[in-house]
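There are 2 protein chains.
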Amino acid sequence: MATSTKNTAPLRVGLLGLGTVGQGVLRVLAQNGDEIERRLGRRIVVSHIAMRDPSAKRDCDLSGVTICATAAEVVAADVDVIAELIGGMQPAQNLVLDAIARGKPVITANKALIAEHGNEIFAAAQAKNVFVGFEAAVAGGIPIIKAVREGLSANRIDSLAGIINGTSNYILTQMSRRGIAFAEALAEAQKLGYAEADPTFDVEGIDAAHKLNILASLAFGTPLRFSAVATEGISQVLPQDIQLAQELGYRIKSLGIAKHASANGEDTVELRVHPTLVPVDHLLAKTDGALNAIRVHGNAVGQTVFVGKGAGGDATASAVIADLIDAARWLAAPAQAVPYLGFGSSALKEARALAFAEIESAYYLRLKVADEPGVLRAITSILADLDISVEAILQKEPGENEDATLAIITSQIPESRCNRALEKLSELTFVRAGWSRLRVEHFED
Amino acid sequence: MATSTKNTAPLRVGLLGLGTVGQGVLRVLAQNGDEIERRLGRRIVVSHIAMRDPSAKRDCDLSGVTICATAAEVVAADVDVIAELIGGMQPAQNLVLDAIARGKPVITANKALIAEHGNEIFAAAQAKNVFVGFEAAVAGGIPIIKAVREGLSANRIDSLAGIINGTSNYILTQMSRRGIAFAEALAEAQKLGYAEADPTFDVEGIDAAHKLNILASLAFGTPLRFSAVATEGISQVLPQDIQLAQELGYRIKSLGIAKHASANGEDTVELRVHPTLVPVDHLLAKTDGALNAIRVHGNAVGQTVFVGKGAGGDATASAVIADLIDAARWLAAPAQAVPYLGFGSSALKEARALAFAEIESAYYLRLKVADEPGVLRAITSILADLDISVEAILQKEPGENEDATLAIITSQIPESRCNRALEKLSELTFVRAGWSRLRVEHFED
Chain A
1 MATSTKNTAP
11 LRVGLLGLGT
21 VGQGVLRVLA
31 QNGDEIERRL
41 GRRIVVSHIA
51 MRDPSAKRDC
61 DLSGVTICAT
71 AAEVVAADVD
81 VIAELIGGMQ
91 PAQNLVLDAI
101 ARGKPVITAN
111 KALIAEHGNE
121 IFAAAQAKNV
131 FVGFEAAVAG
141 GIPIIKAVRE
151 GLSANRIDSL
161 AGIINGTSNY
171 ILTQMSRRGI
181 AFAEALAEAQ
191 KLGYAEADPT
201 FDVEGIDAAH
211 KLNILASLAF
221 GTPLRFSAVA
231 TEGISQVLPQ
241 DIQLAQELGY
251 RIKSLGIAKH
261 ASANGEDTVE
271 LRVHPTLVPV
281 DHLLAKTDGA
291 LNAIRVHGNA
301 VGQTVFVGKG
311 AGGDATASAV
321 IADLIDAARW
331 LAAPAQAVPY
341 LGFGSSALKE
351 ARALAFAEIE
361 SAYYLRLKVA
371 DEPGVLRAIT
381 SILADLDISV
391 EAILQKEPGE
401 NEDATLAIIT
411 SQIPESRCNR
421 ALEKLSELTF
431 VRAGWSRLRV
441 EHFED
Chain B
1 MATSTKNTAP
11 LRVGLLGLGT
21 VGQGVLRVLA
31 QNGDEIERRL
41 GRRIVVSHIA
51 MRDPSAKRDC
61 DLSGVTICAT
71 AAEVVAADVD
81 VIAELIGGMQ
91 PAQNLVLDAI
101 ARGKPVITAN
111 KALIAEHGNE
121 IFAAAQAKNV
131 FVGFEAAVAG
141 GIPIIKAVRE
151 GLSANRIDSL
161 AGIINGTSNY
171 ILTQMSRRGI
181 AFAEALAEAQ
191 KLGYAEADPT
201 FDVEGIDAAH
211 KLNILASLAF
221 GTPLRFSAVA
231 TEGISQVLPQ
241 DIQLAQELGY
251 RIKSLGIAKH
261 ASANGEDTVE
271 LRVHPTLVPV
281 DHLLAKTDGA
291 LNAIRVHGNA
301 VGQTVFVGKG
311 AGGDATASAV
321 IADLIDAARW
331 LAAPAQAVPY
341 LGFGSSALKE
351 ARALAFAEIE
361 SAYYLRLKVA
371 DEPGVLRAIT
381 SILADLDISV
391 EAILQKEPGE
401 NEDATLAIIT
411 SQIPESRCNR
421 ALEKLSELTF
431 VRAGWSRLRV
441 EHFED
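Chains as they are written, first to last, in the working numbering: chain A, 1 to 445; chain B, 1 to 445.
Worth flagging that the hints you see were computed from the coordinates, not collected in a lab. Just so you know, not all the hints are guaranteed correct.
Since copy identity is lost for identical chains, a pair holds within one copy or between any two.
[What the hints assert, rightly or not] Below, a list of computed lysine-lysine pairs in the DSS-like style, where the Cα atoms sit at most 30 Å apart: (1) Lys6 x Lys349; (2) Lys424 x Lys191; (3) Lys368 x Lys424; (4) Lys6 x Lys128; (5) Lys396 x Lys128; (6) Lys191 x Lys57; (7) Lys396 x Lys191; (8) Lys191 x Lys286; (9) Lys396 x Lys424; (10) Lys6 x Lys396; (11) Lys286 x Lys424; (12) Lys191 x Lys368; (13) Lys57 x Lys396; (14) Lys349 x Lys128; (15) Lys396 x Lys368.
Chain A on its own, in the form it takes in the complex (with noise of 0.2 Å):
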């Protein structure tokens, strides 16, 4: 507003890396630079970029960029701002702690790099007092990270729950929409490019649980702690489950769920990634294909919801662009800074992770019984034993000489105690191997 203090240069970028989401961020400035300085007030121009491969073909264009030998060169360079858009672990971690140490801002798109390091270089950060940017790492074509930091900062955050890696949910998508198998399901997502040569990180729930634990950190203001996070994959959901879930109305969708609770003097968070089954009608539940979609709930405004694009390289770009412009003004007045986490670094406060085992919850119980009179009494006399009560119950006709499939929803309980219902209903003879339990979850308006 003081328009006479005003720095009216470009904003010199150095890239680092130039991946899906670097050649996003060339391509996206190129095509909207005179809309963004239209509220900037300057232009962002990449003036710096290390890359990989320089012969590599890529789709943006470079002319008028220095192209460094090293990413070190970049960072070591005349540029204003540092764009970290390598991923993993080394050399992405010395390379922001080096630009910090240099006074430089960084924008990174590194989930893993925040969530598994993130308290070392936000501590690095606030005793240089240098902006750190990572809208992109969670959801990238959500801005979702401004939303929880700052949109409703007003709140108690009491949980969230998100649809945020879209490659498991564009497998169980095809499994649910055409009753494919996990296998065939992950063959098509890479053939398609949606997964990875090696799908660990993505359908074992790795990568969704990097982005629940920065979620988490800035929702309830606790330290990061990635190995906080308990983590199932969606390999073990058969179509099967996926088609019973939905005949008792219900979707499968792979959550990352984080809750909040105080009790008894003690803080204590559930940080969870999990194959979920989301009652039909539920935003969450309709969100398919590669789209990403997070519930936050706040004690003041109830639910929210937000839905977009978790990858690709504008969308990526979109929210790093974003970072660059806060950046930007930050530069302009550093004493105005958000919190990193949205929190004040003396007020982040530890909270006990919950394992699954100490988690309550809503389940899902798929069995394979023998076709046999008293078979629903014996079962139902376990769980009643236990206090556990059916919500639901689904037995399909089996065809002759073959076992039933029986499945149950039951009530809110301590995964403690389903475990032992579980014990004792596999020690019945009648109930053969290859039981299946997923959680279920209810949301509240």
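Take the given structure of chain A and dock chain B to it, following the hints.
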């Protein structure tokens, strides 16, 4: 971050008005005061209040608050920030301008004031370099203003469309679920307190037009111009239309729609509020009851959708307090302000707003026609002669000696051509009086 220079004294807020939102602000500050202090590094306290009726029963704690006889006294008092929660034009407008003249940051939940006098207010604030926050003016429970202004700042925003009036959405949801008529649903909404005794503002789209005008300026960087919004209310929607639309795969929602186009060197915007047929599987079609949902399409992120409560004391208070937190940060370093409308004031560009007659859309037409041979041929001939494709058509079998009802979804055509078609169709002797025309919106990902 530079903690040494930080102001840790409480932020003193002067509240103008103590209605639903004002009480919500006090309640949420009382409930979440510690959490907010963890975020901001200082407490927020309401120190002065002016209210219309001090004897009214209220659901909040006023202990320690100085009750002023007039709002002007609060503006003049020793407070850091003014929150205008009176609503309406005067005295709200003069109070806001007075606060600005005194260099005090202003937060307002007043969509009518911003939509109709925002240009003048922002010009005054810019001249004095004063913060103005209005997140609460649109969809209180959704931080949509920050999302469009900052979160999506890297995008050229092409269009936005939203359910931004909870009353209309509640009425249409009830009509749709229970087949009841507009008048009955309205009466119920009034009884439940969802609609005012005089419901004109809500059901005729004026409230939505105020909000749309604000969102469009944030999205496109155009000055505010409320009078440019083309508006049609929901009172003409019949249960029959809802039913036919459903059979054709659509839900009828009252949408605020803003589109931006540059063609032949002219920047134009469409700003319109009207009942709209939305494909049944789109998130907007699934947003029911008093919820708000806003779809924003940016050229980098593609489609994003934001869902949450549109009204209510605590949800709107959440937006007011988020602005108070931003105002407190701004007070610490006023040079770094985000422009009021996201774009620098000198970068705002006029764009001509199109009248309904100038837009293009797909249309839903409902005609009552005699049950005679040749009727369909005559109707489809008129449409074909005007180069209007029929995308879908539905004729319900009429009862004995009854007229038939015909529903048609057209291709995307200029509205002027749709009007010509309706004129020509009305001239046909077997087309009865009382046709209906609604606009249809399709959304790309």
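So, going through the hints one by one against the coordinates:
{"no.": "1", "hint": "Lys6 x Lys349", "verdict": "between (38 Å within a copy, 21 Å between copies)"}
{"no.": "2", "hint": "Lys424 x Lys191", "verdict": "neither (43 Å within a copy, 53 Å between copies)"}
{"no.": "3", "hint": "Lys368 x Lys424", "verdict": "within (14 Å within a copy, 66 Å between copies)"}
{"no.": "4", "hint": "Lys6 x Lys128", "verdict": "both (23 Å within a copy, 16 Å between copies)"}
{"no.": "5", "hint": "Lys396 x Lys128", "verdict": "neither (64 Å within a copy, 72 Å between copies)"}
{"no.": "6", "hint": "Lys191 x Lys57", "verdict": "within (20 Å within a copy, 65 Å between copies)"}
{"no.": "7", "hint": "Lys396 x Lys191", "verdict": "neither (35 Å within a copy, 46 Å between copies)"}
{"no.": "8", "hint": "Lys191 x Lys286", "verdict": "within (25 Å within a copy, 33 Å between copies)"}
{"no.": "9", "hint": "Lys396 x Lys424", "verdict": "within (22 Å within a copy, 58 Å between copies)"}
{"no.": "10", "hint": "Lys6 x Lys396", "verdict": "neither (71 Å within a copy, 66 Å between copies)"}
{"no.": "11", "hint": "Lys286 x Lys424", "verdict": "neither (36 Å within a copy, 42 Å between copies)"}
{"no.": "12", "hint": "Lys191 x Lys368", "verdict": "neither (34 Å within a copy, 52 Å between copies)"}
{"no.": "13", "hint": "Lys57 x Lys396", "verdict": "neither (55 Å within a copy, 58 Å between copies)"}
{"no.": "14", "hint": "Lys349 x Lys128", "verdict": "within (22 Å within a copy, 39 Å between copies)"}
{"no.": "15", "hint": "Lys396 x Lys368", "verdict": "within (11 Å within a copy, 48 Å between copies)"}
The structure is inconsistent with the numbered hints 2, 5, 7, 10, 11, 12 and 13, although it conforms to all the rest.
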